[in-house]
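Asker: Here is what each chain is made of, one letter per residue.
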Amino acid sequence: MALTESTDPLLQEITGPTPGQMLRKRVFGHQGLLFGGIVLGILLLVAIFAPLLAPHDPYAQSLMTRMEPPVFLGGTWEHPLGTDHLGRDYLSRLIYGARVSLMIGVIAALISGVIGTAMGVAAGYFGGRVDMVVTFLINVRLAMPVVLVALAVVAILGGSLQVVIVVLGLLLWDRFAVVMRASTLQVRGREYVAAARAIGASTPRVILSEIMPNIANNLIVVVTLEMAHAILLEAALSFLGLGVQPPTPSWGLMVSEGKNMMLFEPWLVLIPGAVLFLLVLAINLMGDGLRDVTAPDNRS
Amino acid sequence: MLTFILKRLGLAVLVALTVSFISFVLLFLAGDPAAALAGETASGEDIEAIRRLYGFDRPMLVQYVDWLYSAVRGDFGESYYFRLPVASLIAERLSVTMTLGVCGITFALLTAVPLGVAAAIRPNSIIDRVALFLSVAGQAMPSFWFGLILIVVFAIQLGWLPPSGASSPAHFIMPTIVLGYYAMPAIMRLTRAGMLEVLSSDYIRTARAKGAPEGRVLFRHALRNAIIPVVSLAAVQMGFMLGGSIVVESIFALHGAGYLAWESIARNDLPTVQALILVFSMFYIVFTFLADVLNAWLDPRMRSS
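Protein chains in written order, with my numbering: chain A, 1 to 300; chain B, 1 to 305.
Hints are computed from structural coordinates only; laboratory data are not their basis.
All figures in this text were calculated on a predicted structure; none of them were measured in a lab.
Honestly, I wouldn't trust all of these hints.
As the list claims (entries may be wrong) - Taking lysine to aspartate or glutamate pairs in the DMTMM-like style, the calculated list, with each CA pair at most 20 Å apart, reads:
1) K25(A) <-> D292(A)
2) K25(A) <-> E265(A)
3) K7(B) <-> D292(A)
4) K25(A) <-> E13(A)
5) K7(B) <-> D202(B)
6) K259(A) <-> E263(B)
Stated by the list, open to error - Only part of the chain A face toward chain B is listed, based on derived beta-carbon distances under 7 Å:
7) L63
8) M64
9) A143
10) M144
11) P266
Said to hold, decoys possible - Just so you have them, the derived chain A footprint on chain B, three or more residues with Cβ under 8 Å:
12) 12-22
13) 46-52
14) 105-119
15) 151-164
16) 245-253
17) 259-266
Glycine is no exception: its CB is placed at the ideal position from the N, C-alpha and C atoms.
With the sequences and hints as input, model every part of the structure.
Answerer: Below you can see the structure in the form of structure tokens.
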């Protein structure tokens, strides 16, 4: 305790920076990670507190005030980002749209993460036939055109938030399986795994308390990548009219609805697309940053 | 080498069979194809007659084997909507999608490889940072949004390019950019990483030591080796891109196979959707197979695994 938290300059020189200090320095020295983390944090707060932040009901239509321009294009502060073709407040729909996107990203990545991690760790740890089967399944999954299959299944089951989340979750496990398999293979032969086996630890115990903690950093990176992937796919499906159905405020759907009026009111398309871009950019930057910060060979 | 090819080929066939089975099961569970065929006004007897006529009353496995047997011979049945053979319908649309795919991957390679090389020559320079920024931004850009922005700027505001259709080469410029930028980040990162690794190797030092001009060292010695994995990545990306062309084709109203897929899904045209899923996954399987064989041919170490 006294050693790790000491501020005595002499002692510090001898012991060097503590692991916590080194980590803090790496995190705060990484611009991408900081930017991504802050933007994602803000959007998360916006999503959580949407009912408090939104100035209007995102579903309330008003035929008297349709297609009002945003403030910076001569509109009023009553509707800071204007209104859409049904007179619904654009800012409120944007704020509630953050909920849709983040919910889809988080839950779909959770579902696919559980499936993919289980498959990848099993393949890497047991090897042999298990590995053959998992590798084959990964090949099959990669050969299936995601957009096409997702579109077809969502169309069959009927577009709703739950269906889109589950379909994406069941489709996007491939990268989890690939990365977790490779990471497990790397860790499997280490001495501490052999040591755990030698003292008689059961297989589940070896996997949960020896393997998992040591591949968790790679897992986090894939989680962020797949979150971004799921959010982009949902937006694309909704844009094509076969994802989340109106009147749900999904950013992809907003772009699609604004598309017809793009000629005269380009901001109807520009605003939701820009927010979508910002969210995915923030998640990707955070993923890249986490990889840089946690990778042992990048520590200097 | 031959054993490698045969083994890899066997795997490819097995993957194709599994994909076809999964997609068949998925669409089989979709609901009643007989009711879809008969239309909304049909009576129960009509639907029953159609069900017997098309053989929808048989067990699923029998129907699958039957469908597969015809599909192998190039017969994918008849489209519910167009009342035409699905195979000729797809063949007709495929040229647009293939053209788009080839243009897209060419665009991606022509922009990503020089950028990756330039970034690797001077790590942490301005070029490197710009390249990194482009790849990070490219990955986050929703392709449908990017496509719409291009339409607003280049077709509507500037009037340089046609907004939609496929009747002239100019129609393919914007779709090529939108489809190609999607594959760019991965290719650029791999080129950069490969060049960085190769440039620090012994034979490059030897080449420089014997006084070879820098341009020759970079392109004859370094790039030739760094490009090997990029070629196979490009083949895989090509397979992905053909599947991803649905979004691009729908934005620019290019009537290719992706557009057909979108229309057919919206119209509940199951035989067409079924065939398109198989065709798109076959493209991916063939391209990854070619990439693996190419890799094994260029790099003998790959043959053992």
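Asker: State for each hint whether it applies.
Answerer: Against the structure, the hints come out as follows:
1. K25(A) <-> D292(A): holds, 13 Å
2. K25(A) <-> E265(A): violated, 46 Å
3. K7(B) <-> D292(A): Violated, because 38 Å separates the two Cα atoms, which is more than 20 Å.
4. K25(A) <-> E13(A): holds, 17 Å
5. K7(B) <-> D202(B): Judged against 20 Å, a Cα distance of about 35 Å means the pair is violated.
6. K259(A) <-> E263(B): Holds. K259(A) to E263(B) sits at ~18 Å (cutoff 20 Å).
7. L63: Violated: closest Cβ of chain B sits about 26 Å from L63(A), beyond 7 Å.
8. M64: violated, 28 Å
9. A143: OK, holds: A143(A) within 7 Å of chain B, min 4 Å.
10. M144: holds, 6 Å
11. P266: Interface hint status for P266(A): holds (5 Å vs cutoff 7 Å).
12. 12-22: holds (count 6)
13. 46-52: violated (count 0)
14. 105-119: Violated - the region 105-119 of chain B has 0 residues with a Cβ nearer than 8 Å to chain A, which falls short of three.
15. 151-164: Satisfied; 3 residues make the cut.
16. 245-253: Answer holds; 3 residues pass the 8 Å Cβ test.
17. 259-266: holds (count 4)
Checked against the numbered hints given earlier, the structure breaks hints 2, 3, 5, 7, 8, 13 and 14 and satisfies all the rest.
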